[in-house]
Amino acid sequence: MSTVRPFKGIRPRRDLAASIAALPYDVYNTEEARVVVEANPLSFLKIDRAETLFPEGINIYSSEVYLKARDTLDDMIREGQFVQDEEPCFYIYALTMNGRTQTGLVGCASIDDYVNNVILKHENTLEAKEADRIRHVDACSAQTGPIFLAYRPCDELRGIIRSVCASAPMYDFISDDGIRHQAWKISEAGTISHISQLFAGIPHLYIADGHHRAASAVKVGLKRRAEDPGFSGDEEYNYFLSVLFPADELCIYDYNRVVTNRNGCTFEAFPDMIKDGFEISGPADAPCRPSVKGEFGLCWDGRWYRMKARPSLYSGDPVHDLDVSILQDHILEPVFGIKDPKKDPRIRFIGGIRGLEALEQASKETGGVAFAMYPTSMDELLSVADAGRLMPPKSTWFEPKLRSGLFIHRF
Numbered sequence: 000m001s002t003v004r005p006f007k008g009i010r011p012r013r014d015l016a017a018s019i020a021a022l023p024y025d026v027y028n029t030e031e032a033r034v035v036v037e038a039n040p041l042s043f044l045k046i047d048r049a050e051t052l053f054p055e056g057i058n059i060y061s062s063e064v065y066l067k068a069r070d071t072l073d074d075m076i077r078e079g080q081f082v083q084d085e086e087p088c089f090y091i092y093a094l095t096m097n098g099r100t101q102t103g104l105v106g107c108a109s110i111d112d113y114v115n116n117v118i119l120k121h122e123n124t125l126e127a128k129e130a131d132r133i134r135h136v137d138a139c140s141a142q143t144g145p146i147f148l149a150y151r152p153c154d155e156l157r158g159i160i161r162s163v164c165a166s167a168p169m170y171d172f173i174s175d176d177g178i179r180h181q182a183w184k185i186s187e188a189g190t191i192s193h194i195s196q197l198f199a200g201i202p203h204l205y206i207a208d209g210h211h212r213a214a215s216a217v218k219v220g221l222k223r224r225a226e227d228p229g230f231s232g233d234e235e236y237n238y239f240l241s242v243l244f245p246a247d248e249l250c251i252y253d254y255n256r257v258v259t260n261r262n263g264c265t266f267e268a269f270p271d272m273i274k275d276g277f278e279i280s281g282p283a284d285a286p287c288r289p290s291v292k293g294e295f296g297l298c299w300d301g302r303w304y305r306m307k308a309r310p311s312l313y314s315g316d317p318v319h320d321l322d323v324s325i326l327q328d329h330i331l332e333p334v335f336g337i338k339d340p341k342k343d344p345r346i347r348f349i350g351g352i353r354g355l356e357a358l359e360q361a362s363k364e365t366g367g368v369a370f371a372m373y374p375t376s377m378d379e380l381l382s383v384a385d386a387g388r389l390m391p392p393k394s395t396w397f398e399p400k401l402r403s404g405l406f407i408h409r410f
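Heads up: the sequence shown begins at 0 in numbering that gives the first Met the number 0, then just goes up one per residue.
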């Protein structure tokens, strides 16, 4: 049983939505964020990355940075750049990229569902990354970046959402990267109740993207509980901002690898080292993009080859059978000595959205070896999460990215 409830959304004034909406805070480093905020002073990055409002050299983790985020949000609300709905509502958020649309419900998920594994995860979080967002959420008393959740499709929910989307949207704009963003508000009490009841019949929600934001929101909620002697469980801090999508509408891109140190391995020796697990063909006339699970593109000294994993490598285990695991277990560790890809500085990860040309360029710049991956599927992600297991790091890359600042949940 999944708990999803409406909230009194704080959201941009209609004419400012396109200017305020921003990519997630962790897409940028500080220097890149400064450029965005300088070019667009309304960008929500000035709240998500409040160090951009200070001179260069500021400690980005200092208390004054988090307090500045809170004060800036307060100022924008007071000046009318944001408005707040008077009654709890659900919202719909649709993103269209390259002609494909994914449509999610914006609401609040329960921290108890997270703690009790009704909301399932597929990757670990890092304490250092959590600590930053914990301080940000706590200082602002708000979740400013939504958690990207998925659920197994429900025809009745899809029908309700389609019906709402037949009306004129509340927001409709195209961001600089060509993504169309549309949003609608659901304020009718009967529809809100029906949606909550339908989610109550869904056994699990899945974190697709935003594991660190989710963990941070939960830890702030638990902290507020400990500080509140009158805690009842109904307080807003017991819930966190989410956009929930049916899994069959989502697209996972490849998350490719570059090994920057060959560990003494030559190309002449490489095929023999992996012959028990892989077939290699090539070189090819063009970059090799894998076309099926179990295929890999290999770029070595600017030449592309195609590798195919032999059936004997697969065991039926949902984690071990992931292509990222096959590569890690049978090539990256035994050949290149990369035992822990989370910590080893010799491996880089290149999002598939950047294309195989960027992957090839990275291998040339580092003198390394590049591997193009076939994307992890949503079915694989759900199977790993259902089994209570975790994927290797950098197994999934979701596009398009949800914008921050379009919906804010304050508590």
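Because the hints were derived from the structure by calculation, they are not lab data. Among the hints, a few may not be true.
[To be verified] In silico BS3-like links for lysine-lysine, alpha-carbon gap of 25 Å or less:
# : residue 1 : residue 2
1 : K307      : K222
2 : K342      : K120
3 : K7        : K338
4 : K7        : K342
[As the list claims (entries may be wrong)] Distance windows between CB atoms, simulated:
#  : residue 1 : residue 2 : range
5  : H319      : T71       : 40 to 48 Å
6  : A285      : S311      : 39 to 47 Å
7  : S382      : I76       : 28 to 36 Å
8  : R157      : N28       : 22 to 30 Å
9  : P286      : A165      : 26 to 34 Å
10 : A165      : A386      : 34 to 42 Å
11 : K342      : R157      : 47 to 55 Å
12 : C250      : M0        : 44 to 52 Å
As the structure is a computational prediction, the values presented were derived from the model and not from experiment. For glycine and all other residues, C-beta sits at the position ideal for the given N, C-alpha and C.
Quick rundown of the hints versus the structure:
Among the hinted pairs, K307 with K222 is inconsistent with the structure: their alpha-carbon atoms are about 49 Å apart, more than 25 Å. This hinted pair checks out: K342 and K120 have alpha carbons roughly 21 Å apart, not beyond 25 Å. Only pairs whose Cα atoms come within 25 Å are accepted, and K7 paired with K338 is rejected, the gap being roughly 47 Å. Proposed proximity of K7 and K342 is contradicted: the alpha carbons are some 41 Å apart, above 25 Å.
Restraint check, H319 to T71: a C-beta distance of roughly 47 Å satisfies the suggested window 40 to 48 Å. In this structure the supplied range 39 to 47 Å is violated for A285 paired with S311, their Cβ-Cβ distance being about 30 Å. Our hint of 28 to 36 Å for S382 and I76 is violated, since their Cβ atoms are close to 43 Å apart. Checked against the hint of 22 to 30 Å, the pair R157 and N28 fails, with Cβ atoms roughly 38 Å apart.
Taking 26 to 34 Å as the suggested C-beta distance range, the pair P286 and A165 does not conform, at roughly 42 Å. At roughly 39 Å, the beta carbons of A165 and A386 sit within the given window of 34 to 42 Å. Distance hint check for K342 and R157: the Cβ-Cβ separation is about 42 Å, which falls outside the suggested range of 47 to 55 Å. Distance hint for C250 and M0: a CB-CB separation of about 28 Å, inconsistent with the stated range 44 to 52 Å.
Consistency with the previously given hints fails for numbers 1, 3, 4, 6, 7, 8, 9, 11 and 12, ordered from lowest to highest.
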